[in-house]
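Chemist: What follows is the residue order along each chain.
Protein chains: 2
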Amino acid sequence: MVTCLHGLLSRVAALQELLCRDGMDGALILQSADLVYFCGTYQDARLYVPARGRAVLTVRRSMGRIDPSRVPADVVPLSKPAGIPDVLAARGLKMPAVLGMELDVLPVALFRRYEKIFTSRIVDCSPQIRTLRMVKSTAEINLMKESAAMMDGVYARIPDLLQEGMSEYELAAAVEAAARRAGHTGLIRVRGFNQEFFYGCLLAGPSGGVSSYFDSPLGGPGLTPAFPFGVGRHVIAAGDPVMVDYVGVVNGYQVDMTRVFAIGSLSGDLLAAHRTAVAIQDAIAAAARPGVTGDELYGLALDMAVKAGLGGHFMGYGDQVKFVGHGIGLELNEWPVLGRGMKEPLQAGMTLAVEPKFIFPGRGAVGVENTFAVTPDGLERLTSYPDDVVIVGG
Amino acid sequence: MVTCLHGLLSRVAALQELLCRDGMDGALILQSADLVYFCGTYQDARLYVPARGRAVLTVRRSMGRIDPSRVPADVVPLSKPAGIPDVLAARGLKMPAVLGMELDVLPVALFRRYEKIFTSRIVDCSPQIRTLRMVKSTAEINLMKESAAMMDGVYARIPDLLQEGMSEYELAAAVEAAARRAGHTGLIRVRGFNQEFFYGCLLAGPSGGVSSYFDSPLGGPGLTPAFPFGVGRHVIAAGDPVMVDYVGVVNGYQVDMTRVFAIGSLSGDLLAAHRTAVAIQDAIAAAARPGVTGDELYGLALDMAVKAGLGGHFMGYGDQVKFVGHGIGLELNEWPVLGRGMKEPLQAGMTLAVEPKFIFPGRGAVGVENTFAVTPDGLERLTSYPDDVVIVGG
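In the order they appear, the protein sequences are chains A and B.
Residue 200 in full-length UniProt numbering sits at position 200 of the first sequence, and the numbers go up by one each step.
Residue 263 in full-length UniProt numbering sits at position 263 of the second sequence, and the numbers go up by one each step.
Check before you lean on any hint, since a few could be wrong.
Since the list can't tell identical chains apart, any single copy or any two copies may satisfy a pair.
As the list claims (entries may be wrong) - Listed below are the simulated BS3-like cross-link pairs for lysine-lysine, each with C-alpha atoms no more than 27 Å apart in a straight line: (1) Lys322 / Lys80; (2) Lys307 / Lys94; (3) Lys343 / Lys80; (4) Lys307 / Lys116; (5) Lys322 / Lys307; (6) Lys116 / Lys80; (7) Lys145 / Lys116; (8) Lys145 / Lys80; (9) Lys94 / Lys116; (10) Lys145 / Lys94; (11) Lys94 / Lys322; (12) Lys80 / Lys94; (13) Lys343 / Lys307; (14) Lys307 / Lys145; (15) Lys343 / Lys322; (16) Lys94 / Lys343; (17) Lys80 / Lys307.
Worth flagging that the hints you see were computed from the coordinates, not collected in a lab.
Only a predicted model underlies this, so the values are computations on that prediction, with no experimental measurement involved.
Just chain A, same shape as in the assembly (with noise of 0.2 Å):
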């Protein structure tokens, strides 16, 4: 991913609109994905976003790595944060009065250092960088179809990997591995605290009723309770749904996919629901457009799931999540939900994991999963995968 200096400065003069708007004199930007979105690198560095005048980014760690002329901002070395002030003093940037930082993330005790640095107010900007990271440029989404045809690719090959008999932990180092060579970056960032994650969840048979403390649909039992969330122990058998729900990565964007397996068949109730879950898909990607809310989108996915006697399986069994999509891009939990009570419009240049489940406590999970993009006439499908259950040898 080598993101255009163009590109990358009409991002920050963006946010300095949004800055300028909300009583910001400047924003101090420090978490990775945020850093990626506006410099197009992630080091150990800090950007300072004027509301007005040009940016500066302070580099601790890698000089190396940056290279001035595709950053949208001065780049000054510089150790130790409390330098920052003399380094905007040089430049005859003010202290800001009120200073922006992503304070959804940044842990209190850095707060705190930051707190002593600067005189400023220091209010929450993630809300303002998080807004602009919602709508993807037409870039982005080239991103995205880069990283969906690598999954495509990936799970193309499942049939292939899944055996009776293995367990599914041998089947997700088989996955991985495909992953891996087809050019999968591996880390998935997932925004906020402890939000731990580890390419998805690749749960067969019971696993697939198994929830965790990761606000999803899946869960998973995880190889130890010191991690337990994702793939298991369990070996699998004839007639397993064995749901691959993995996010896919190589350029910094994110897609988000699931598909089932089967090996020999699957029993009629669970082609039923996975079919009701297409259906729902589908019925979202109908509806939505610009204009239309997560939450018309969520209360039509629960309609169609009730009106299918599935209503207590939607999304989750006894611990059912609230929604049916998120947003996605250089992280998992990006705005807009497709949640209740989310009343954001959807605006062209959103991207969005649209992900109906049902889960059997015991049997598994069935459903889908595919990463869209809004355009101005609906939703344009990046994962193209055949959304059915696929029925292995057996």
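Given chain A's structure and the hints, the job is docking chain B onto it.
Modeler: Just chain B now, with coordinates in the frame of chain A:
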């Protein structure tokens, strides 16, 4: 990993002793690794430890994943933290005047929500928790031995996996798959803001000379500027040093390990530098015992590097780090640090990753890393695969 209730109760009691000593009336623990330490599992939950009396765990999700008979606290389902004061009052626990929270990791926005719920003065209790976690029990060290055995097995496979003409990331795919099949649980926990990490660094030839945002002798180009860390695209040639610095974990407890492989041969000066690294490790292992400081061990290591004429290559080139080892356990960056100025004396039960390395820009990295436990008599080595450069086929 199942930690016995008795062990967990001892940990809570040890924290209570520190809370009393340091003037806190209670601690509210939210972070994943800390919850694993005190409760044996991680769920979306908050552990309130009063300075005196029985602890209370309020659980948002998933209640079904917690066995109350194994948790050293009363377990109460509670969706919103605003209900915590009532839960405490119902148990006769007074609102703490001074409350400890993990301010080194807790985001400001979340902290402010808790500030409204607790009328307490909130102070940082992470030093107390990190101090406790720094000294492991025999049971914890045994868990680290399990992770070490898994990793020894994975490293033993690398000579068969490494082939001339494969890319770094293809080798990484194969090594990671071997680790996953052997039970590697994937997620590596690194404490703190922006500590993004995926398995570690597998770096061949020039990639070994590329530093990154991460405070480590190694960095690596990564596969994208959006995550510029670790494995890159270098095609492995005969004579390249192939450094595999991966973290292993099967039960929450991590070990850190580095070895160098090469196809055919490795040039004499790199072999000599590697031997110096092994000699430094062995000198540290011989000198380390309770009472010795991290500063002394770093000084010993740096002296040996300088005497070998390799001071400028030691633990980085340009972006040098000022340490030669670090504590490890549930997180990769535990206490103590074997580094400049670190006056904390070693204690029996500490666990250390000792990692003397030399970086040669454009050519690669050599060196070794093993994980050790401090015993009353010195260091016990947990990872055991041989330290020498492994020359493969060619």
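Chemist: Taking each numbered hint in turn, which are not upheld by the structure, reported in ascending numerical order?
Modeler: 2, 4, 7, 8, 10, 11, 14, 16 and 17
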